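Put chain X on the given structure of chain D with help from the hints.
Spelled out from the first residue to the last, the chains are:
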Amino acid sequence: MNNKIKKILPQIITVLFVLGIFGFFTFNAQINMDNRGIDFGFGFLNQESSFDVQFSLIEYSGSHSYARAYLVGLLNTLLVSFISIIFCTILGVVIGVARLSSNFLIRNSAAWYVEFFRNIPLLLQIFFWYYAALRALPLPEKAEPWFGVTYMTIKGYYIPAFIWNNLDIFLYSILAVIISIIFINAYAKKIQENQGKQIPVFLISLGLIFILPGLTFLIGGVTLDFGIPVLKKLSKTSYIYEGGIGLPPELIALVLALSLYTSTFVAECVRAGIQGISKGQKEAAASVGLTPNQILKLVVMPQALRIIIPPTTNQYLNLTKNSSLAAAIAYPDLVLVFAGTALMQTGKAIEIVSITMLTYLSISLAIAAIMNWYNKKIEIKEK
Amino acid sequence: MFKVIKKLTSFMAMFAVLFAFSTEAMAKKSKTLKNTQKKGFVRCGVSQGLPGFSNADASGNWTGVDVDVCRAVAAAVLGDANKVKFTPLSAKERFTALTSGEIDILSRNTTWTLSRDADIGLTFVGVNFYDGQGFMVRKNSGITSVNQFKNGISACTNIGTTTELNMRDFFNSRGISYEPVAFEKADEVVAAYDAGRCDTYTTDKSGLAAQRTKMKNPDEHMVLPETISKEPLGPVVRQGDAVWEDIVRWSLNTMIEAEEYGITSSNADSMKTSDNPAIKRLVGAEGELGAAFGLDNDWSLRIIKQVGNYGESYKRNIADPGILPDRGPNQLWTKGGILYVPPAR
Chain D
19 MNNKIKKILP QIITVLFVLG IFGFFTFNAQ INMDNRGIDF GFGFLNQESS
69 FDVQFSLIEY SGSHSYARAY LVGLLNTLLV SFISIIFCTI LGVVIGVARL
119 SSNFLIRNSA AWYVEFFRNI PLLLQIFFWY YAALRALPLP EKAEPWFGVT
169 YMTIKGYYIP AFIWNNLDIF LYSILAVIIS IIFINAYAKK IQENQGKQIP
219 VFLISLGLIF ILPGLTFLIG GVTLDFGIPV LKKLSKTSYI YEGGIGLPPE
269 LIALVLALSL YTSTFVAECV RAGIQGISKG QKEAAASVGL TPNQILKLVV
319 MPQALRIIIP PTTNQYLNLT KNSSLAAAIA YPDLVLVFAG TALMQTGKAI
369 EIVSITMLTY LSISLAIAAI MNWYNKKIEI KEK
Chain X
257 MFKVIKKLTS FMAMFAVLFA FSTEAMAKKS KTLKNTQKKG FVRCGVSQGL
307 PGFSNADASG NWTGVDVDVC RAVAAAVLGD ANKVKFTPLS AKERFTALTS
357 GEIDILSRNT TWTLSRDADI GLTFVGVNFY DGQGFMVRKN SGITSVNQFK
407 NGISACTNIG TTTELNMRDF FNSRGISYEP VAFEKADEVV AAYDAGRCDT
457 YTTDKSGLAA QRTKMKNPDE HMVLPETISK EPLGPVVRQG DAVWEDIVRW
507 SLNTMIEAEE YGITSSNADS MKTSDNPAIK RLVGAEGELG AAFGLDNDWS
557 LRIIKQVGNY GESYKRNIAD PGILPDRGPN QLWTKGGILY VPPAR
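If you read the sequences in order, they're chains D and X. Each residue of the first sequence is one higher than the one before, counting from 19 in the numbering used here. Each residue of the second sequence is one higher than the one before, counting from 257 in the numbering used here.
Hints listed in this document are in silico derivations from the structure and should not be mistaken for laboratory results. In this text the structure is predicted, and so the values were computed from the model without any measurement. Hints may be right or wrong, so weigh each one.
Simulated restraints, written as ranges between beta carbons of each label pair [as the list claims (entries may be wrong)]:
no., chain 1, residue 1, chain 2, residue 2, range
1, X, Lys294, D, Ser380, 33 to 41 Å
2, X, Asp313, D, Lys250, 39 to 47 Å
3, X, Pro581, D, Val371, 42 to 50 Å
4, X, Glu482, D, Tyr392, 52 to 60 Å
5, D, Glu159, X, Ile432, 16 to 24 Å
6, D, Ala387, X, Ala498, 48 to 56 Å
7, X, Gly357, D, Glu159, 49 to 57 Å
8, D, Ile263, X, Pro481, 54 to 62 Å
The beta carbon of each residue, even a glycine, is placed where N, CA and C say it ideally should be.
If we strip away everything but chain D, and leave its shape as in the complex, we get (with noise of 0.2 Å):
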């Protein structure tokens, strides 16, 4: 008995002392409100917020309430954190594997790729990117087309825009490929564990990605035109394309930088991965007739996976609060719509931090989940 209090007693004391503490700052927090006649409460989320917002994702107005902007900022966020979160993937496992590269040249390259963008610091390559490289790019009246139709201007970068027919039946195609595809896979697998036949799923695949979107268009009804940019006049000296998509630069500047500082921790994360698979498992993949793809795709690859997505989810994680830097650059992600200009046309600085924070965390744990579910999902099972 007495032991067991001795053992709680302890953790009883420190939950009461973290409580007292919170409790603490909450009470503080009030009575300092109340003084400066500062009222707590989210009823502005449904007011008006009567200002405009660069970039948007969705359709949105200063008619519309700080609640939508949130979700513009919001969105705004997940898109540069999702963009380059596949970049600096693609760029992270291509710089990696070329460090291991028998080839002197292709190696160290990739290693004065990784020192040079991981030591710099981050918002110094925001600033670079942005100040430096995009703001010598040509005003539009100057810029020459790059493929044909698309303009890289100081403005942003203009490309042709998608003006659809009947996109839903088009959607509606491709989710059909999909499910027909994790079918044909699971068709496939049986068979195989079956009757030892191979069917060839790729080939099947590939044909169904093409066939089905492609019939939409031949008796679907389904067209897709292009918005090609087209400079006009604004005044006697200043253009704007139109018609077309205009990325502002300050999304690219972004994304070119969260992409190249994370793909360096990504490639250190697959150097490390694919370095931890011991010689021995190549060799004996090899001396049993596999060929060098094969040993990569079944024997080194699903081995390496597992040392490398913990680590790596560590970087998504970090990348996507590296975004809130954007309120640097005037990109409107969650930081500078919400925190930033809606906090100082309401000021209702606490529940808006808090909101902002809470999301912050949310983003991460849904990230953290998806990824502990794929590591899960690959690591070795033991029968």
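Below, chain X without anything else, positioned relative to chain D:
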């Protein structure tokens, strides 16, 4: 649980208010004033560098009409206009810095609006500059009026300002689609506009005039004649200290009224023997005006002697550097402007 806390809080607040009332009635002592006198300096929030309003030179000396308001308060309550600690703040940080008690006066070209005054625990004490929002464009663009703005125009501005809201009202009411590019720091806005990222730069007209001097080639830019909003800029204090609020308000009023009566930093002492009782009150030779704040009777004389009257401050900070040589509405009401302050008596 929450209800209990709320009840307890309101009880505490009531108690605090009662307590505040009783002490105020007895001693006219302000908590902020007491703290300021104990520390020996006035804590003043200013901009991160806006020539004419609040700008630091290479050796860290702050000058400007906003800075002079804080110096006036320091002269009144501490006897020395140099006993001010300036904290440069971005538009985003400024109100939190004041409500959280990091500074005691916010004198940072801040627009007086209803929601700011009533909603977020602040009190505006007056107006030290009547301004309005305008647009800057490149001269070679051929634009000479806001009526020539077309769909797709990109406009650079600051976040967290009334500018962002006025800009929306303006473009929206004219049905013009525009791209707002909002930065946190004024220097970043100027750099973006200067590089050609935006077609126009919008903020208060005084700000446009001041920032133009910082550009690579100021002569290539011009401010359009239209004014799209009212922007009364003035000092702000925290809600809840009525005496401190009065001190800041009347320090500013003293500077304006001193100009009205022709009292300057050089002739203030000789004005003590003036025949005009209004002048005598302003230089502390008659009446007991300082006692109302818990200050001595020379508080206003020190302001005029050490900082000067409003006209001197304007000339030194805004007119002489060529930012806005014409005082426009910021002229005394007796000379065709709208500067009009209640009498000090």
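Hint-by-hint comparison with the structure:
no., hint, result
1, X:Lys294 - D:Ser380: 33 to 41 Å, "violated, 45 Å"
2, X:Asp313 - D:Lys250: 39 to 47 Å, "holds, 44 Å"
3, X:Pro581 - D:Val371: 42 to 50 Å, "holds, 43 Å"
4, X:Glu482 - D:Tyr392: 52 to 60 Å, "holds, 58 Å"
5, D:Glu159 - X:Ile432: 16 to 24 Å, "holds, 21 Å"
6, D:Ala387 - X:Ala498: 48 to 56 Å, "holds, 53 Å"
7, X:Gly357 - D:Glu159: 49 to 57 Å, "holds, 52 Å"
8, D:Ile263 - X:Pro481: 54 to 62 Å, "violated, 36 Å"
Consistency note: the structure conflicts with the earlier hints numbered 1 and 8.
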